[in-house]
Amino acid sequence: MPQGELCNRKPIVTDEQLKLTLSDKSGKKYYAEMLELDVDTNALWATIQKTMKARLKTWLEICAHCGMCADSCFLYQVNDCVPEQVPSYKIQSTLGHIVKKKGNVDNEFMRHCMKVAWSQCTCCNRCGMYCPHGIDMGVMFSYLRGLLYSQGFVPWELKIGSGMHRVYRAQMDVTTEDWVETCEWMAEETEEEWPGLTIPVDKQDAEIMYTCNAREPKHYPEDLAEAAVLFHVAGTNWTVPSEGWEQTSLSMFAGDWECCKDNVNHVYDAIERLNPARVTGTECGHAHRATVIEGPYWAGREDGLPPKPYIHYVEWLAEALREGKLKIDPAKRIKEPVTLQDSCNYVRNQGLKDVTREIISYIVEPGYFVEMAPNKEHNYCCGGGGGFNGIGMYREQRNVALRKKMDQILDTGCKLVIAPCHNCWDAIRDLEEEYEIGIRWSFLKPLIIGMLDIPEGMRVEW
Amino acid sequence: MFKKILLATTGSPASFGAARVAFDMAKRYGSEVTIFHVVGVPTKAFSHVVNDVRTGEEVEVDEEYLAWVEEELKTTFAKQFEGADNAKIVLTTGVPAREILREARKADSDLVVMAASSGENASFHKGYPGSTLQKVAKAARCPVLSVHRESASYWGGFSNILFGTDFSKQAESAFKFALSTARELDCDLTIFHALDISGKVLDQNEIEENLIIARKRIRETYVPLMGDFKNYDIEVWEGTPYVEIVKLAREKSVDLVCLAHHTNELDPERARIGSTVEQVILRANCPVVSVSKPDKV
Chain A
0 MPQGELCNRK PIVTDEQLKL TLSDKSGKKY YAEMLELDVD TNALWATIQK
50 TMKARLKTWL EICAHCGMCA DSCFLYQVND CVPEQVPSYK IQSTLGHIVK
100 KKGNVDNEFM RHCMKVAWSQ CTCCNRCGMY CPHGIDMGVM FSYLRGLLYS
150 QGFVPWELKI GSGMHRVYRA QMDVTTEDWV ETCEWMAEET EEEWPGLTIP
200 VDKQDAEIMY TCNAREPKHY PEDLAEAAVL FHVAGTNWTV PSEGWEQTSL
250 SMFAGDWECC KDNVNHVYDA IERLNPARVT GTECGHAHRA TVIEGPYWAG
300 REDGLPPKPY IHYVEWLAEA LREGKLKIDP AKRIKEPVTL QDSCNYVRNQ
350 GLKDVTREII SYIVEPGYFV EMAPNKEHNY CCGGGGGFNG IGMYREQRNV
400 ALRKKMDQIL DTGCKLVIAP CHNCWDAIRD LEEEYEIGIR WSFLKPLIIG
450 MLDIPEGMRV EW
Chain B
0 MFKKILLATT GSPASFGAAR VAFDMAKRYG SEVTIFHVVG VPTKAFSHVV
50 NDVRTGEEVE VDEEYLAWVE EELKTTFAKQ FEGADNAKIV LTTGVPAREI
100 LREARKADSD LVVMAASSGE NASFHKGYPG STLQKVAKAA RCPVLSVHRE
150 SASYWGGFSN ILFGTDFSKQ AESAFKFALS TARELDCDLT IFHALDISGK
200 VLDQNEIEEN LIIARKRIRE TYVPLMGDFK NYDIEVWEGT PYVEIVKLAR
250 EKSVDLVCLA HHTNELDPER ARIGSTVEQV ILRANCPVVS VSKPDKV
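As given, the protein sequences belong to chains A and B, one line each in that order. Counting from 1, position 87 in the first sequence corresponds to residue 86 in numbering that gives the first Met the number 0; the numbering is continuous, with no gaps. Counting from 1, position 254 in the second sequence corresponds to residue 253 in numbering that gives the first Met the number 0; the numbering is continuous, with no gaps.
Chain B on its own, in the form it takes in the complex (with noise of 0.2 angstroms):
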């Protein structure tokens, strides 16, 4: 299910955890991992000048660039190359999530493999997605798997899958994500929803109540989908959701957190993907997967 990632990376420390996790799943996984890098937003009005993503100076891009680059990313990559036999470099000019998104399309790519943001200037970006990564989750037809710290817990293969859900018509997709990757990965999925009660007075018993409802929805809605795959079971924490799937990530040493992804913003300069998944991504110690299309899941 993972034959072709797409590992978006600018080559930064940003990304290394990113890159860490896309070639350790292609060499667990026999999948063919594609290291993309747009090497510049063409600057002005001509496409062959473009700012170079690290120093931020304005360069041709001749092939003479494009080599050089290339090799610093060997060099960068050299011990996670290592052992990868089906790995290789795709450079391209543009804007990046537009890029990223092309090459996906094109490639037909099942999963792009990106961090949460580019890690420049740090005060700024650390507590944030980046604007790449927005887009890239709000259009892309594959889930896309983000990496935003050094994981604690993830040492390589996918065990404990934790799937967040709102029952949302894109968390439909998302599981079907979840359920597959567990399935053929033998791993244990935990369903979990959290009821949201931040900012809000209610009483115990109404929070009970509706811890039940909750879990009879989730019995209804995802079970009968599971077929004959036993290895799950069903959480249901009131809180406020992120902090709750947070939690129980790290109670569980969850590897993957499988969540779809919201927004209902146009301007994918705006957009974000969702304040849960958002919060999910930079706050959780495993990869977390975002899931908004049902295509590849």
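For reference, chain A alone in the conformation it holds in the complex (with noise of 0.2 angstroms):
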């Protein structure tokens, strides 16, 4: 059969579309739908020859079938080691198979391609490190993915999300308006303990631009009002942009590639648009790797850079506190064992697993900061990544790749959590709704603002 009404191979461009899909309880026509999908075959090799780049088709080529990788991967780990679940099988089972086939596979294959690409690898790209070539199975399953997405053999809840990024341009449907609305609000609501605090839009030539991930505008916004004390406090000249503020990219999950460069371009526009000195984002992970780390090669731009110098969070609220533009009490530190979860997507891909720790200096009274094992780059994934924590129909599976982190955590001792990721944010706090250990978890910017040393007049008690 050819293709599906909400499971075929068009993306989804229009609201009416969006809602459609949305409305199909989970997922179950589109699901059905895609037992019959046809795959086409030509197309499928046309796009392997025309992006499969050198890098990829030697790793293919050079894997030794060592097995070096196996231990590196948390979820073989979790999965009683079988060998199914080694990286390089995995990758060379699915996507060297295509490619051996030269794109010749069915329907049932391409399924199959599907629950491994998105059940049995976050892309947290732990194996790479392992592995005696560097073969990078994250890399490898990131490009499988775009494979599947373009054959529309693609979980039905990231089909929905890089519609969402398509039709609003954010991974959930929070439109400018909503947007600039959600800062005009929390403004309100902060301004009166914090006189002067203002949630500028659109100002031109500031120190600082600020971008976010949409589900804070939609569910938590109190983020981004904490965002807004922390940068008041601080003294920073700031703003947000009314379009291109939102840095997630569930598109790169999904594997959608032309929406991963429509939306860090979106970005990157408002960054030429408003000309900030730099840009920062929210505690994100992956949203920091689509827009700082992959986003400058989607959009194609030669240096590998983001227009202007894009650093993520952790990185200026630790320059903040470094100068002293931040002040922490120190009779307010953390004074319990406390323990940090370090996201792959900014420590083991940008390298920012120093200046994590930097923060905890400050916050956290000496003796009780403990690392979890193994840590730093090292660090296995939340268990949620790479899309896993929102696709339904793996719930199960991803409820068993969250015990290598409570595993971690346990053996820590601790019962606070600090993560700084949002996606890891939520995989921490469902495996404590699963698992039940008893740990709090929490972002940077409440804790912070919890233990200011705030200077004087600068906030009004009630």
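Note that these hints are calculated values from the structure, not bench results. A hint or two may mislead.
[To be verified] In silico lysine-lysine, DSSO-like type, Cα no more than 27 angstroms apart, as pairs:
1. B/K292 - B/K168
2. B/K87 - A/K18
3. B/K3 - B/K26
4. B/K73 - B/K2
5. B/K73 - A/K24
6. A/K114 - A/K403
7. B/K105 - A/K18
8. B/K105 - A/K202
9. A/K101 - A/K56
10. B/K175 - B/K26
11. A/K101 - A/K114
12. A/K18 - A/K260
[Claimed, not checked] Derived, one-sided and incomplete: chain B residues facing chain A with beta-carbon distance under 10 angstroms:
13. P41
14. H47
15. E62
16. T92
17. E98
18. R101
19. R104
The beta carbon of each residue, even a glycine, is placed where N, CA and C say it ideally should be.
Join these two chains into a complex; the hints should help.
See below:
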């Protein structure tokens, strides 16, 4: 059968189509249609020939099947070390097979690939560190996801996710009006306690332009208010763009390459329009990876960099603390065992391991910080990365995946976990709901606000 | 002044008192009442799946589910809906406090009416105003009226209003609200200050001196603002403020207590309304309105 009404090779580009797909409960019709979806083998092979470059070809060729990657993969570890979860097997038996067959694969095989690509790999890139040849299965799975997406074999939620980006330019249905309105609302709600606080929209030549995750204006706008408080206390000349404020990219997880490029260009346009000295985003890992690490390549920027220096929130925060723009009251520092979740996307992908620990050194009483083992660039994925958190069909597999993080946290003996990444935060919350180990979790912003040494007169006490 | 009432409800028995007051007000004063219900907090990483507020189970929010919830609410409040021409139901998903605030702002509501707690886990929650009320009371631009107990003295109209003051900045807004309500609805207004002597050792002369000072302060602060409004009296008692407020409310058959909201806690999870307001909400026989902002008064 050719294309389904909901499950097909076309991306979602209209609000109508988006709502129609959303109204399909649990993607029941969508997945039923997928069973019948034909594979355009010619197009698949043509795409591979056009897009698969030397690095991936070499990687597929030179894999020695040594199995060194096996233990590096947390999914292999939590799934009883079955051979099907060995990273090199996972990619060779999917992408490797498609390439070997020159794209001549059938529907059943594509559905198998979808399952492996979205429920057996979170693109955390840990295996790449342990491969003697430096082969990174996370990168290859991202590529495979693109091929699958182009053929319509993508989980229902991620088809919707990238559709949201295409229709609303945000991962959720937050329009420009909603966003600007939220900025006004949060400024109103916060300015009474913090006289002089504003959330300036579209201000030219600011010191910092701030971008965020659409989940924040949609459900947790206080996160924006907290960012505003910290910028205000630090005396930062900052702004948010009315358009191009959404930094996340579910399209990256969905493998919708065209949309990835569009997302990031939208943010870059805002940077060029407002000309800030620097840009920073919210506490989110994949958003940073999409906009700062991978984005420049999608956008075809020759220097491989965004238009202006684009730092992660932890970098901005560490700098503000280091330079004394934000002062911590020593009496309010954390005085209980606390651990830190390293986000794969900005720690392994951009090396921001030390700067997060610098923040810890300001906010935790010496002796109370407990590292997870392993940590920094060796740390494991939270268990819900790469879109895994959001896919209903693979919820069971995701819950198994959370066990690694649970064990790591339990081993620290800490009840408080700092998670400066939205996705890790979600995963850790979920693991507490699922396994009830009695922990709390927090972003950095509310923690820091609670321990600030606030200059006289800056905050009105009620 | 109560043109638009936002009744935020879980639909559970804990909110029946609040619903009764909201609908009574709407009928009596010709207000528009919106029954606002958050069907659940988005679970995990995607927003169209929520935990149902009653069962706690994960459900997908689709038209069928929304229609079912709406039907449930209509059945729950069937009696109240009778004769309420200007009532509608609005459903949404999200974090309850945030969505109530969003709706109140969007609809430019004049009053939010809600229960003190959702009533779940009665043994724990009954003694405390829930976090949703805490957060809404802290940030709402309009007065927030809460009904904790099925009111004994409240028969559907306001005729006696008690305004309790601690002379704070917020109390000015609460006073304005109390006065304009009293004026508009032709009520008696009692302006009250409780001299806080809890945990203190004071001699009788000192207490009496302070009572005189407080009385004078009320006269100087509030009387000039009342113009030709004469239906008021002033009371100053000593004791533990919330106890005295509740006692006076009972003695005078008050049907609305109006207080200012205070908190200096930033974290909305931990933000308390202020111990006096909180205790009065839990103990008073009538609805209690908390006012924290100068708008809508």
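Next on the checklist: For each hint given before, does the structure comply? Return the numbers of the non-compliant ones in rising order.
Outcome noted: none
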